[in-house]
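With the hints in hand, could you dock these two chains into one complex?
For the record, the sequence lines run as chains A and B.
Last residue of the first sequence: number 116 in this note's numbering, and the count goes up by one each step with no gaps.
Last residue of the second sequence: number 222 in this note's numbering, and the count goes up by one each step with no gaps.
Just so you know, these hints were derived from the structure itself, not from any lab.
Simulated restraints, written as ranges between beta carbons of each label pair:
(1) A/Pro62 / B/Pro151: 19 to 27 Å
(2) B/Pro222 / A/Gly43: 24 to 32 Å
(3) A/Pro85 / B/Lys165: 38 to 46 Å
(4) A/Phe75 / B/Gly152: 22 to 30 Å
(5) B/Ile221 / A/Asp64: 41 to 49 Å
(6) B/Arg170 / A/Gly17: 46 to 54 Å
(7) A/Glu63 / B/Gly206: 27 to 35 Å
(8) B/Lys113 / A/Arg86: 18 to 26 Å
(9) B/Gly164 / A/Asp57: 27 to 35 Å
(10) B/Arg170 / A/Pro55: 38 to 46 Å
(11) A/Gly17 / B/Gln178: 50 to 58 Å
We put the CB at the ideal spot given by N, CA and C, even for glycine.
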Amino acid sequence: DAGVIQSPRHEVTEMGQEVTLRCKPISGHNSLFWYRQTMMRGLELLIYFNNNVPIDDSGMPEDRFSAKMPNASFSTLKIQPSEPRDSAVYFCASSIGLASTGELFFGEGSRLTVL
Amino acid sequence: KNEVEQSPQNLTAQEGEFITINCSYSVGISALHWLQQHPGGGIVSLFMLSSGKKKHGRLIATINIQEKHSSLHITASHPRDSAVYICASRGGAGSYQLTFGKGTKLSVIP
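Excised from the complex, chain B in its bound form (with noise of 0.2 Å):
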């Protein structure tokens, strides 16, 4: 059974700051998605990737398939960036199912 530990469970950081949240996972997977959700608010998918690194605007999210590891990174962050921010990892090929991490809660401070 696949398991997805993110860490930390809470962050606080200063506008500005370069921010990392980590995933990591126990099983083999086809892909790793990063979501976000601000308070009350919908999900957004941010990223999906099998490999390697992806690059949208400040936000980088990066994979290693070998140490079953993922972080996401915001570089000069800002407080809008205050959300929860959800690791999931999807099972083999062909697979449909995510398995979801319990969230980062990531504040920016003006």
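Only chain A is shown next, with the shape it has when bound in the complex (with noise of 0.2 Å):
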């Protein structure tokens, strides 16, 4: 299996700008997270779905993000308009079953820098 798939790994982007990023859950995982890791506040969870449902979406800073998943092999999360305090990585996980006995499988995670 390919793993979580992320892209893109690396994105520099400007102020104001639209920023989407994209993961691919591993096949039949119906968990799927979002996190954001900085050296300020370590890793936190952004949005939690469960077979493609938003489960939770507390952790979502700002009217300014947002995540959808259309399906079960595909997950997007954007930031419009991106600030340079949204630089971080972003990674996302994937568990099978429910979220509370599944092994989580991380990304390679997306580095984002807005200048």
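Dropping the structure here:
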């Protein structure tokens, strides 16, 4: 299996631009998570999907952030408009079965720099 | 609110040494994860455990539920083990929330 696939690996953009990060979970996994990692705050959960339905988006920092999961094999995290403080590494992770019992598999991350 | 503390924050070891990284948490949990992150790299899940001990190659993870403490051991350390090791606790049954420690940066010198 190819694992969790994220794109792009690196993104450099200017403040105000729209950013779209993509994730393909492992086939058969029905739980998907988006995390953000910064030096100051470490890893933070942004949003959790189960069976393509957003279960918890309380970690999404502002209305500028949105996430979708149109089908079981694809999810996007969008930031519009982007700001320098959004610079971070964004990780997608998936697990099989109930999120509370399944081991998490992380993607390689998308490193975002907003100038 | 659960808090996860790791120690040490930084660790430098000579190749071949036995390494221990500690993780303490403050409330009851359903599982404890150990993650590995190489510089500039992705995150790899090493272990998920809820009791006892697990072993994978040179890595051993233990958990003491009563003491709310877990350890990650690396035997015969190697420079390729150099990475940040993160422990994360999962809340009670049915919880999907992970509380992450700040990580332990390990450097193994040849």
